[in-house]
Amino acid sequence: GENVEQHPSTLSVQEGDSAVIKCTYSDSASNYFPWYKQELGKRPQLIIDIRSNVGEKKDQRIAVTLNKTAKHFSLHITETQPEDSAVYFCAASLSNQFYFGTGTSLTVIP
Amino acid sequence: DTAVSQTPKYLVTQMGNDKSIKCEQNLGHDTMYWYKQDSKKFLKIMFSYNNKELIINETVPNRFSPKSPDKAHLNLHINSLELGDSAVYFCASSQDGGAEAFFGQGTRLTVV
Numbered sequence: 001g002e003n004v005e006q007h008p009s010t011l012s013v014q015e016g017d018s019a020v021i022k023c024t025y026s027d028s029a030s031n032y033f034p035w036y037k038q039e040l041g042k043r044p045q046l047i048i049d050i051r052s053n054v055g056e057k058k059d060q061r062i063a064v065t066l067n068k069t070a071k072h073f074s075l076h077i078t079e080t081q082p083e084d085s086a087v088y089f090c091a092a093s094l095s096n097q098f099y100f101g102t103g104t105s106l107t108v109i110p
Numbered sequence: 001d002t003a004v005s006q007t008p009k010y011l012v013t014q015m016g017n018d019k020s021i022k023c024e025q026n027l028g029h030d031t032m033y034w035y036k037q038d039s040k041k042f043l044k045i046m047f048s049y050n051n052k053e054l055i056i057n058e059t060v061p062n063r064f065s066p067k068s069p070d071k072a073h074l075n076l077h078i079n080s081l082e083l084g085d086s087a088v089y090f091c092a093s094s095q096d097g098g099a100e101a102f103f104g105q106g107t108r109l110t111v112v
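Heads up: the sequence lines are chains V and P, in that order.
The first sequence maps to residues 1 to 110 in the working numbering.
The second sequence maps to residues 1 to 112 in the working numbering.
This is chain V alone, in the form it adopts within the complex (with noise of 0.2 Å):
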């Protein structure tokens, strides 16, 4: 199967700065790779998604990086808020199989 690492496991940013998570995937048939945001007591939800034929893509204050040669992907926030504080999934698709990073916990301080 695939194996995505993610990086860093917590992360703290005072509210306004910009945040970054970084993920790691193993297989290049991987083709697919959303990223989830689980706020306390929910559950997962999409917040961007990239495919593999495509190099960036962003949604007002989020974007996601894909380099396909070296096999990682980012996530990017933008002014950051204090709702943006969450924990933060990213994940690969091979063989209609989601595979999942260990999350990022990201508190933003007002």
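Honestly, the hints are just simulated from the structure, not real lab data.
Warning: the hint list may mix true and false statements.
[To be verified] When the alpha-carbon atoms are kept at most 16 Å apart in a straight line, the in silico EDC-like pairs for lysine to aspartate or glutamate are as follows:
1) 58/V - 79/V
2) 42/V - 38/P
3) 71/P - 38/P
4) 71/V - 83/V
5) 68/V - 84/V
6) 40/P - 39/V
7) 41/P - 39/V
8) 41/P - 5/V
9) 37/V - 84/V
10) 67/P - 30/P
11) 68/V - 5/V
12) 71/V - 5/V
13) 68/V - 39/V
14) 40/P - 85/P
15) 44/P - 2/V
16) 37/V - 24/P
17) 40/P - 5/V
18) 42/V - 17/V
19) 36/P - 85/P
20) 44/P - 5/V
21) 44/P - 85/P
22) 68/V - 2/V
23) 67/P - 24/P
24) 71/P - 24/P
Everything numeric in this text was worked out from a predicted model, so none of it was measured.
On the provided structure of chain V, position chain P as indicated by the hints.
Frame of chain V; chain P shown alone:
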């Protein structure tokens, strides 16, 4: 109108018991999944299933078994529950492996 729903939300049971968690999706998706989220928040794939293929993560004990009466349902049966089975279990569905997965609200299983 809930897209992916699972019941119960909370389940407390004794070691050795057999229990089931139900999951239903009304999105018309072809693929459904079960994930286990442990105390460290790690989301681990247990099963993925569509009407053609069941993929089982090799690390899942055979005490766990998925049952799909139809395309919209994927229930999880657990036999001989152990303390280490305590976790939050999430059901999810997607059109296929290359599209957004929608999660249920989770079932917090506590084995005492």
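Subject >> Hints the structure fails to honour >> reply: 3, 4, 5, 13, 16 and 18
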